[in-house]
Every structure is written in C-alpha cells, then in structure tokens.
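Visitor: Working from the sequences, and respecting the hints, build out all of it.
So in UniProt numbering, spot 276 of the sequence shown is number 276, and the numbers just go up one at a time.
Source of the hints: derived by calculation from the structure; they are not laboratory data. Treat each hint with caution, since some may be false.
Straight-line C-alpha distance at most 30 angstroms; calculated DSSO-like pairs for lysine-lysine [as the list claims (entries may be wrong)]:
1) Lys72 - Lys223
2) Lys82 - Lys72
3) Lys87 - Lys69
4) Lys223 - Lys82
5) Lys65 - Lys87
6) Lys241 - Lys257
7) Lys241 - Lys223
8) Lys254 - Lys234
9) Lys65 - Lys82
10) Lys239 - Lys223
11) Lys69 - Lys174
12) Lys259 - Lys239
13) Lys234 - Lys223
14) Lys69 - Lys82
15) Lys72 - Lys87
16) Lys87 - Lys174
17) Lys234 - Lys257
18) Lys234 - Lys259
19) Lys259 - Lys241
20) Lys254 - Lys239
21) Lys174 - Lys82
22) Lys223 - Lys87
23) Lys65 - Lys174
24) Lys254 - Lys241
25) Lys257 - Lys239
Between beta-carbon pairs, the in silico distance windows are [to be verified]:
26) Ala79 - Asp157: 37 to 45 angstroms
27) Ser173 - Gln83: 14 to 22 angstroms
28) Pro158 - Thr108: 40 to 48 angstroms
29) Ser56 - Ser312: 18 to 26 angstroms
30) Thr102 - Thr52: 28 to 36 angstroms
31) Lys254 - Thr102: 52 to 60 angstroms
32) Asn181 - Lys223: 31 to 39 angstroms
33) Pro152 - Lys174: 17 to 25 angstroms
34) Lys223 - Met92: 21 to 29 angstroms
35) Ser173 - Asn95: 14 to 22 angstroms
36) Phe101 - Ala160: 49 to 57 angstroms
37) Thr242 - Ser173: 47 to 55 angstroms
38) Asp157 - Asn95: 15 to 23 angstroms
39) Arg84 - Ser162: 28 to 36 angstroms
Cβ atoms here follow ideal geometry from the backbone N, Cα and C, with glycine treated the same way.
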Amino acid sequence: MNRNNPSAHRSLDIAFCAGTLLAFWLMSPTPTLAQSGSVPEGIVARGTATVTVEPSALRLTMSVKAQGKDPKSAVRSLAAHKQRVRKELGEMNANSESVQFTSTQLSTGGSNNSEQQQYMRMMQRQMGQVVPDLGEVPTVYTATASLRVDWPLPTTDPEALSLLPQGLRDQISKRDFQGDNNAPDLDEESLEKLEASQAMGDETYMYMEEGDSGEARIQFVGKLSPDQRRDGLKSAIAKAKTSAQVTAEALEVKLGKLKTLWPNESTSSTTYSRSAYMGSEYYASYGDTDADATEDSQSDVTAATLDGLRFSVSIFAVYDFE
Numbered sequence: 001m002n003r004n005n006p007s008a009h010r011s012l013d014i015a016f017c018a019g020t021l022l023a024f025w026l027m028s029p030t031p032t033l034a035q036s037g038s039v040p041e042g043i044v045a046r047g048t049a050t051v052t053v054e055p056s057a058l059r060l061t062m063s064v065k066a067q068g069k070d071p072k073s074a075v076r077s078l079a080a081h082k083q084r085v086r087k088e089l090g091e092m093n094a095n096s097e098s099v100q101f102t103s104t105q106l107s108t109g110g111s112n113n114s115e116q117q118q119y120m121r122m123m124q125r126q127m128g129q130v131v132p133d134l135g136e137v138p139t140v141y142t143a144t145a146s147l148r149v150d151w152p153l154p155t156t157d158p159e160a161l162s163l164l165p166q167g168l169r170d171q172i173s174k175r176d177f178q179g180d181n182n183a184p185d186l187d188e189e190s191l192e193k194l195e196a197s198q199a200m201g202d203e204t205y206m207y208m209e210e211g212d213s214g215e216a217r218i219q220f221v222g223k224l225s226p227d228q229r230r231d232g233l234k235s236a237i238a239k240a241k242t243s244a245q246v247t248a249e250a251l252e253v254k255l256g257k258l259k260t261l262w263p264n265e266s267t268s269s270t271t272y273s274r275s276a277y278m279g280s281e282y283y284a285s286y287g288d289t290d291a292d293a294t295e296d297s298q299s300d301v302t303a304a305t306l307d308g309l310r311f312s313v314s315i316f317a318v319y320d321f322e
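Guide: What follows is the structure, encoded as structure tokens:
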C-alpha cells in the first residue's frame, strides 16, 4: 500500500470507524444479537416500532381440580366439575367456542410416606417449626386440568372495561370454578387429618419461592392482523435505514444495499426473534404470503391492562457502504 496515497488512508479510516461502530453494537445488550452467530461487516443500525392493538375480548386462564380417595373417583369428580363449569360459563355469556380444557393430570398426596409429605416435613424442621404427629394421613388423588375461555367485550368505554377483570374474578370465586370444594369422600376423622396436613403444607410453602399456583389469570385480548404486523415491521425497517443513512453521512460514504437484518418481535406476553434474513427474502416473506392471510392467521396479544395491548418490533440491520 502506498503510504502517501490519501485515498488509501481515507479507506482505512472509514473501515476503522465502521469496525468501531460494529464492535460497539456487539457489546451492547441488544436482544436481537443474542440469536446471531456472526455479524457481517458494514454499517450497523437499529429501528423500532410499536403498534397499539384494540381490545376484543377478556380471557380467563386457570386451573381446575377435584380430589378423590382413588384415581377413578378423582377423575370422575373432575369430569363432573368441568361439565358444571362449562354450563355456568354459558350462563355468564362466555364465548362457548372458546372454552378449552386441557387433558386431565393425576397426582397423589396426603400419605405420610409420600414424597410431598417427606419434603414438607424436612422443610418445616429446617425452618425450626414443630412438626406435629397427625398419625396416618390418608392418601388422596388430585385430578387437575387447565381452563381457557374468552368473553366478548360488552363496551368500548375504557372506564367500564377496567372494572371487568375484578367482576369476573369475584364471579369465579363465588362459583368455585377452581374446585376447592371438590373434596374426597372420606370419613370425618380422615378428612380432618388431611385438612391439617394440607394447612401445614400451605404454611410451609408460603416461605418458598412462588411458582405457578394455578390461580385465575384474567387478561385483555386483542387481535394483531397481518397488515398491522407488516406495517410495524416496515416502520422499524425504515427507521433503521434512516439511522444507517445518518451514520453513512457522518463517515462520508455512500450507503449501500441491505446485507442482513434480524427482527425481534414482542408483546406483553411473548418475545421471539427470527433468524437473519437477506433483504429480498425478508420482503418476500412478509409481502407475498400476507396477501392471502385470513382471519385465522391473526395473532393474539394479551395484557393485564388495556395500555399493555401493544406489539413491538426491533430491527437490527447491517448495510453495505461504498
């Protein structure tokens, strides 16, 4: 290389600046980079866009359960409970087509020798609690399933909509949708021992890290159409290109073609990244296929509040330069 050639020095300076910008982005805590194995050289830019989704339904997700002194009685009790819940959901004007129960799962508990009881006693001793001798605690079987159901919104008034979740929560508690009253058919003494054992377990688990308790979760639901998703992506891509153009002007170079990009889409309940696309492939996948999209291809966006019904997309793009 000719050391006295100004053009050669300028090319090195531009390459150094572009490399520095790329290194800065790589070291930044950017979610879209986590999925990428390598990033090609070029001008790095990012654009973001947010789409507000209109609420269309109120969704209830929760666990239902029933207990029995043997597996068959527990499963039968849960089946009867499901029928009752389904009937009462109709009385509450729920969307009957949206009612979904998962398959039944069966577990045991209550016996002194069960793994759950042994673990509970160990935790109580570690916390310095006195472990009373309850005698022989009967073994019970618990059948569980998950329920999901939607209600169409009766109004568009935000103030009225904000009252719906608590009203629904009161209703499902009053009607015992969870199935707390579906107790096993035991004699009085055995039932008292079982209740005492379960109360001890509840007290123990209060000190442990909370997990999925199966309690009712009530969320607003909105439908994200293919057009809304495409518009959000196009807006983010346009912002990324504008940012890249500013960088190119600062480097005194001409912005080239889009080499690679990574879209990262998220809502209040989901986040996912796509693999890297070349520019032409990306527009084909979000242009041609969306033309034939139907209502069924709409995506659910869920949130505990109306303000949370948003779809966000962040684009990480790499452009060539001349």
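Visitor: Is Lys254 within 30 angstroms of Lys234, Cα to Cα?
Guide: This hinted pair holds, its Cα atoms lying about 22 angstroms apart.
Visitor: Holds or violated: the 14 to 22 angstroms window for the beta-carbon distance between Ser173 and Asn95?
Guide: holds (21 angstroms)
Visitor: Taking 30 angstroms as the top limit, are the C-alpha atoms of Lys65 and Lys174 close enough?
Guide: holds (16 angstroms)
Visitor: Hint check: Lys259 vs Lys239, CA-CA at most 30 angstroms. Holds or violated?
Guide: holds (16 angstroms)
Visitor: Is it true that the C-beta distance of Asp157 to Asn95 lies inside 15 to 23 angstroms, as the hint says?
Guide: holds (20 angstroms)
Visitor: Given the hinted pair Lys234 and Lys259, is their Cα-Cα distance within 30 angstroms?
Guide: holds (16 angstroms)
Visitor: Given the hint that Lys65 pairs with Lys87, test it: the Cα-Cα distance must not exceed 30 angstroms.
Guide: Holds, at about 17 angstroms.
Visitor: Taking the beta carbons of Lys254 and Thr102, is their distance inside 52 to 60 angstroms?
Guide: Given about 57 angstroms between the Cβ atoms, the range holds.
Visitor: At the C-beta level, are Asn181 and Lys223 separated by a distance inside 31 to 39 angstroms?
Guide: holds (36 angstroms)
Visitor: Going straight from one Cα to the other, do Lys259 and Lys241 come out at no more than 30 angstroms?
Guide: holds (12 angstroms)
Visitor: Taken at face value, is the distance from the CA of Lys241 to the CA of Lys254 at most 30 angstroms?
Guide: Measuring from Cα to Cα gives roughly 13 angstroms; hence the hint holds.
Visitor: Holds or violated: 17 to 25 angstroms for the Cβ distance of Pro152 and Lys174?
Guide: holds (22 angstroms)
The structure fails to meet hints 1, 36 from the earlier list, while all remaining hints are met.
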